[in-house]
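Trainee: Based on the provided sequences and hints, a complete structural model is requested.
Number of protein chains: 2
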Amino acid sequence: MPRKLRIAAAQMGPTQKAEPRATTLGRMVSLLEQAAAQGAQLVVFPELAFTTFFPRWLLSGEELESYYETAMPNPQVQPLFDRARELGIGFYVGYAEKTPEGLHYNSAITVGPDGATLGKYRKVHLPGSVEPREGSRFQQLEKRYFEYGDLGFPAFRGAEAWHRPVMGMLICNDRRWPEAWRVYGLQDVELMVMGYNSAAYDPNGGSTEDAKLRTFHSTMAAQSNAYMNATWAVSVAKAGDEDGSGLIGGSCIVSPDGVVVAQAQTLADEIVCAEIDLDAVRQGKDKMFHFASHRRPEHYRRIVDQVGAQAPA
Amino acid sequence: MPRKLRIAAAQMGPTQKAEPRATTLGRMVSLLEQAAAQGAQLVVFPELAFTTFFPRWLLSGEELESYYETAMPNPQVQPLFDRARELGIGFYVGYAEKTPEGLHYNSAITVGPDGATLGKYRKVHLPGSVEPREGSRFQQLEKRYFEYGDLGFPAFRGAEAWHRPVMGMLICNDRRWPEAWRVYGLQDVELMVMGYNSAAYDPNGGSTEDAKLRTFHSTMAAQSNAYMNATWAVSVAKAGDEDGSGLIGGSCIVSPDGVVVAQAQTLADEIVCAEIDLDAVRQGKDKMFHFASHRRPEHYRRIVDQVGAQAPA
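If you read the sequences in order, they're chains A and B. Once you know that position 242 of the first sequence is 242 in the UniProt record's numbering, the rest is easy, because the numbers rise by one and skip nothing. Once you know that position 235 of the second sequence is 235 in the UniProt record's numbering, the rest is easy, because the numbers rise by one and skip nothing.
For the record, the hints were derived by calculation from the structure and aren't laboratory data. Any given hint could turn out to be false.
Which copy? The list can't say, so a pair holds if one copy fits it or any two copies do.
[Said to hold, decoys possible] List time: in silico DSBU-like cross-link candidates among lysine-lysine, alpha-carbon distance up to 35 Å:
1. Lys-17 to Lys-4
2. Lys-17 to Lys-143
3. Lys-120 to Lys-287
4. Lys-120 to Lys-143
5. Lys-143 to Lys-287
6. Lys-212 to Lys-4
7. Lys-212 to Lys-120
Mentor: Below, the structure is given as structure tokens:
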């Protein structure tokens with residue numbers, strides 16, 4: 001039986017700090033409905049989709065805590081879960097997690113068409129810093145606001161209606177780290193889903209990388225790692241100008257050949273949809289990237305034995 | 001002091017099985033001279049540059065042995081070494097190696113402007129098969145003709161005149177394996193050099209991948225892995241139709257941003273030249289890909305603990 005699945009990237013435009021939570025959630029429900037109208041069975045939302053990208057500010061106390069979800073779902077996100085189940089559609093969504101023990105993670109879950117949580121992931125590659133950069137208008141404080149993910153890269157099976165693909169989740173910066181992709185590749189991943197919030201330029205005035213180059217990097221990371229692990233990939237942005245800080249768009253659906261089959265054209269709320277054939281992963285997995293035939297782990301030790309780079313004398 | 005270096009990709013057109021060795025070597029000397037005339041200080045030749053890509057045939061005995069070099073240099077390649085030293089130019093070249101112990105490797109060396117060998121590498125990721133495929137017009141018998149490389153991925157320092165860049169070598173199929181790049185990345189590599197012979201299509205009649213897609217893959221592998229390891233990369237083809245078996249071209253020089261700064265336009269002998277600024281690696285190495293700040297090896301264990309893929313239940 002052909003293993004085909006219709007999938008959507010639900011790119012979100014900017015979410016200003018002052019935007020009420022209910023407004024943002026309404027946009028997400030609307031995107032879900034648009035995707036369902038196009039026949040999508042699985043919708044991928046961005047990282048930290050329910051709010052603005054709050055790690056750009058130095059926050060504390062109640063204001064900071066207001067950005068985290070203490071359960072998933074919970075009353076303030078429930079309408080999204082309810083509407084998805086009504087429509088029989090599944091989704092990936094990124095959110096700020098606070099555990100009962102008081103630990104904080106940059107997390108994502110994938111929910112099946114029946115509302116069951118199929119997989120959970122906590123971001124491993126946190127960018128930014130713990131301490132704020134003095135004199136900067138915007139910060140990148142993920143290392144301050146989140147613990148490093150403690151779940152590794154746990155592949156899981158998608159829903160029956162999706163032909164039970166082996167799935168993996170990443171979040172934003174993770175997608176630039178080939179180690180993360182390979183750990184999923186070694187679990188035979190067929191469909192990678194991931195959301196991101198990526199600066200379109202240095203919000204503090206640097207000029208070495210512009211939005212075009214950063215979008216190229218984002219797309220290339222998805223393309224090449226999909227190719228080298230012979231997997232489909234869906235990579236989804238929160239895009240546009242959030243309170244004066246620009247985010248790239250470029251949400252895309254990428255084939256196991258590393259070819260972009262669909263890509264967002266705006267920096268706003270936008271659905272990008274494609275039918276994917278899960279069996280297209282076989283060409284790569286059975287030939288060029290048949291790991292059992294070609295990998296030589298005895299020469300890869302540095303990857304786990306050292307953290308930083310060590311130059312030869 | 002600016003760390004600038006002028007570098008050339010010396011793409012080679014096809015080398016037919018019947019072409020005399022001296023003719024091929026003459027073409028290489030000519031490419032070296034063209035590169036020198038353009039100011040190049042380092043020239044990168046393809047994999048197995050001195051002969052046709054012989055693993056496409058089932059060979060044995062003296063005919064097979066004739067493809068290997070029992071020393072490097074040796075009389076039949078000496079003119080290339082002599083001319084390079086006269087011109088004060090260094091080079092990377094791939095060759096079939098036979099050791100005094102009778103072991104065979106798919107190898108490469110980098111030679112400095114003074115003729116000294118600066119680094120040596122033996123291909124780790126051998127594609128193809130040990131046994132010939134019955135009924136096939138062409139074979140891919142690298143696993144039959146070569147041992148797996150036993151040197152790992154040993155970074156080394158380039159010449160003084162090149163500002164002593166940290167260099168790494170790969171050969172052909174290696175460039176598609178992010179583990180190989182990362183092991184060099186963890187040695188702070190600034191300049192990756194590699195040669196390849198890559199089929200333009202399935203020479204036995206398959207139609208799932210054409211030359212355009214395969215060239216895209218080759219270029220993307222260089223671009224993305226250069227970006228993710230913040231290094232310059234030079235990737236050089238033997239191209240064109242060798243005795244009825246097509247090879248892709250697309251030799252390229254890639255920046256640490258993953259941008260192709262120069263690329264071959266033909267499937268023939270062709271020099272592609274660019275001045276590279278080694279300090280351009282700093283943006284990536286100091287920020288996005290500052291490994292010591294961001295890598296989490298505790299979650300990468302599968303990369304060394306297993307060879308093949310293992311799907312979840």
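Trainee: If the cutoff is 35 Å on CA atoms, where do Lys-120 and Lys-287 land: within, between, both or neither? Let me know, please.
Mentor: both (31 Å within a copy, 28 Å between copies)
Trainee: How would you classify Lys-212 and Lys-120 at a CA-CA limit of 35 Å: within, between, both, or neither?
Mentor: Answer is within: at 32 Å inside a copy they meet the 35 Å cutoff, but 38 Å across does not.
Trainee: At most 35 Å between C-alpha atoms: does Lys-17 with Lys-143 qualify within a copy, between copies, both, or neither?
Mentor: Intra 20 Å, inter 58 Å, cutoff 35 Å: intra-copy only.
Trainee: If the cutoff is 35 Å on CA atoms, where do Lys-120 and Lys-143 land: within, between, both or neither? Let me know, please.
Mentor: Within. Shortest intra-copy distance 20 Å satisfies the 35 Å Cα cut-off; inter-copy 41 Å does not.
Trainee: Is the C-alpha distance from Lys-212 to Lys-4 at most 35 Å within one copy, between copies, in both cases, or in neither?
Mentor: Both, since 33 Å and 26 Å are each at most 35 Å.
Trainee: If the cut is 35 Å between Cα atoms, do Lys-17 and Lys-4 qualify within a copy, between copies, both or neither?
Mentor: The answer is neither: 39 Å in one copy and 45 Å across copies each exceed 35 Å.
Trainee: Can you tell me if Lys-143 and Lys-287 fall within 35 Å by alpha carbon in one copy, between copies, both or neither?
Mentor: between (40 Å within a copy, 14 Å between copies)
In summary, the structure is inconsistent with hint 1 from the numbered list given earlier, while agreeing with all the others.
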